[in-house]
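**Student:** Modelling step: build the complete structure from the supplied sequences, incorporating the hints.
As you go down the protein sequences, you meet chains L and U in turn.
Counting with the numbering used here, you get residues 1 to 378 for the letters of the first sequence.
Counting with the numbering used here, you get residues 1 to 87 for the letters of the second sequence.
The hints are simulated quantities; they were obtained by calculation from the structure and are not laboratory data.
Wrong hints could be hidden among the right ones.
Taking CB as the label site, the calculated pair distances span [to be verified]:
(1) U/77 with L/177: 54 to 60 Å
(2) L/76 with U/1: 48 to 54 Å
(3) U/64 with L/139: 51 to 57 Å
Partial pick of chain U residues on the chain L-facing surface, computed with a CB cut under 10 Å [to be verified]:
(4) 7
(5) 10
(6) 37
(7) 40
(8) 41
(9) 57
(10) 82
None of these values were measured; they are calculated from a predicted model.
Even glycine gets a Cβ: it sits at the ideal position worked out from N, Cα and C.
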Amino acid sequence: VGSASPFRFAAIVGTIIGMAKRIVLTVGTRKGCFLLESDEGRRDWRVRGPFCDGWPVYHAVIDASSGAIYASAASEWHGAGVWRSADLGETWEMSSDGLQYPEGDLKLSRVSGLAVAHGKVRVGAEAAGVFESEDGGATWSLKSTLDDQPGRDSWNDPSRQPPGHLGMTAILPHADDPDRYMIIVQGYGIFETPDGGGTWEPCNTGLRAEWPLEDERVGYCVHKLVRSPADPARFFQQNHCGMHRSDDGGHSWTEVTDGLPTDFGFVAAAHPHDRDSFYVIPLDPGHGRVMPDGAAAVWRTSDAGSTWRRLDSGLPQQNAHLGVLREGLAMDSLDQPGLYFGTSTGQVFASADEGESWDEIASYLPAISSVEVAAIDA
Amino acid sequence: MPELHLPPTLPSLYTDLPRRLDVDAATVDEAIDRLEERWPGLRDRLCEPGPALRRHINVYVDRERAGLETALEPGSRVDVIAAISGG
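**Tutor:** Here it is, written out as structure tokens:
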């Protein structure tokens with residue numbers, strides 16, 4: 001193994017002892033879900049799909065422990081539901097059983113951010129609410145609509161919602177506690193529950209808003225929230241107004257935008273082994289919301305946001321007006337982790353070396369809304 | 001019995017759901033009940049809570065635009081159409 005890296009050596013050993021992994025990307029698009037697969041080398045990729053009957057998919061996730069895939073989708077004709085596959089995409093089922101609000105003012109128009117952890121699947125919805133499944137996505141039950149929280153009266157008012165009307169855009173499970181998780185309400189901010197949705201607390205202290213706030217506790221436009229797998233107390237978020245870091249479990253925030261080309265973007269990803277390393281993709285904040293100057297780049301901090309470094313080797317640098325949406329960036333957990341992003345024009349780019357170099361691994365998919373990744377036992 | 005024709009977007013969602021079938025029902029709403037009994041979840045594909053037909057689901061009875069309450073005759077033809085939608 002003279003010229004091989006320690007990572008390649010580990011992969012070879014893993015193969016010999018039968019621990020080789022399949023790297024599986026779940027890609028949610030406007031026209032269904034796609035799967036991209038490779039081995040641990042992450043050089044050659046096979047594309048399968050479209051799945052989910054071509055329904056518009058907001059977020060497709062894969063449970064690394066079971067290999068189960070879930071995709072939140074909303075059909076213009078047939079409403080919202082969550083698709084699931086227990087066999088890596090060979091067969092699929094869709095269920096909306098329980099994905100509805102009791103009779104009253106709230107109407108479910110779509111399901112959005114998914115999260116799988118501790119044996120439960122959770123999905124956010126518009127109007128804003130969180131639903132949970134304990135049977136692998138076959139049936140769902142409403143856990144909360146955050147009724148006593150500041151902003152609750154206005155965030156379901158169509159005239160006061162941000163464009164897109166995404167409602168509850170994301171759910172972030174706690175690393176160890178099955179009942180504790182955070183959610184994002186679009187345009188209002190982060191809330192955390194310690195008891196499975198019974199009670200909530202806003203977690204937006206220190207964030208910035210470029211608009212008047214009626215209540216300082218809420219009104220922040222959080223686009224993406226990630227936690228460091230290497231340090232459960234450390235979080236980063238890409239906000240409509242800047243990049244922010246938290247060292248106290250997401251309860252208070254410090255802006256770390258300096259050094260980035262813009263303060264706007266939708267995505268963020270956490271390095272699986274280094275608590276100080278995070279990635280973002282800055283975008284122009286105006287109507288375009290694409291990478292600045294037609295040149296594609298991912299930016300990395302290795303010092304918790306004090307400095308940022310542009311990573312663009314292998315990415316297009318001319319006439320590349322690429323957008324990446326909230327769930328469009330993901331990182332695997334291999335020893336030398338890989339990074340993946342999907343664009344709103346259907347390209348998927350992958351790096352097998354922590355973002356230092358990139359390859360385009362799919363070119364002509366439908367508009368991409370999400371990319372997630374898991375290493376599955378081969 | 002009324003003859004029901006379903007859009008091509010539905011059969012792949014449910015085991016053994018055909019595009020065309022006979023249903024024993026006196027109204028469009030009852031016809032959807034018959035579908036729901038055999039293929040649970042199908043009502044949610046066609047109707048919103050209320051109930052009301054989903055915005056882009058159109059139903060015709062003997063070529064006339066219909067609603068959930070529209071009465072069916074034994075020889076009625078019911079067409080459920082997924083309205084043309086986007087690209």
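**Student:** Work down the list of hints and note, for each, if the structure agrees.
**Tutor:** Hints versus structure:
Between residue 77 of chain U and residue 177 of chain L the Cβ separation comes to about 57 Å, which falls inside the hinted range of 54 to 60 Å. Separation of residue 76 of chain L from residue 1 of chain U is about 31 Å and departs from the stated range, judged on CB atoms against 48 to 54 Å. The supplied range of 51 to 57 Å is broken by residue 64 of chain U and residue 139 of chain L, whose beta-carbon atoms lie about 38 Å from each other. Contact between residue 7 of chain U and chain L, as hinted, is supported at the beta carbon level, the nearest pair being about 7 Å apart and thus within 10 Å.
Interface hint status for residue 10 of chain U: upheld, as the beta-carbon distance to the closest one in chain L is roughly 7 Å, under 10 Å. Because the beta carbon of residue 37 of chain U sits about 15 Å from the nearest beta carbon in chain L, more than 10 Å, this interface hint is broken. Taken as an interface hint, residue 40 of chain U checks out: its beta carbon lies about 7 Å from the nearest beta carbon of chain L, inside 10 Å. Interface hint at residue 41 of chain U: satisfied, since its Cβ lies 6 Å from the closest Cβ of chain L, which is below the 10 Å cut-off.
About 6 Å separates the beta-carbon of residue 57 of chain U from the nearest beta-carbon of chain L, less than 10 Å, and the hint is met. Interface hint status for residue 82 of chain U: upheld, as the beta-carbon distance to the closest one in chain L is roughly 4 Å, under 10 Å.
Checked against the numbered hints above, the structure violates hints 2, 3 and 6; every other hint is satisfied.
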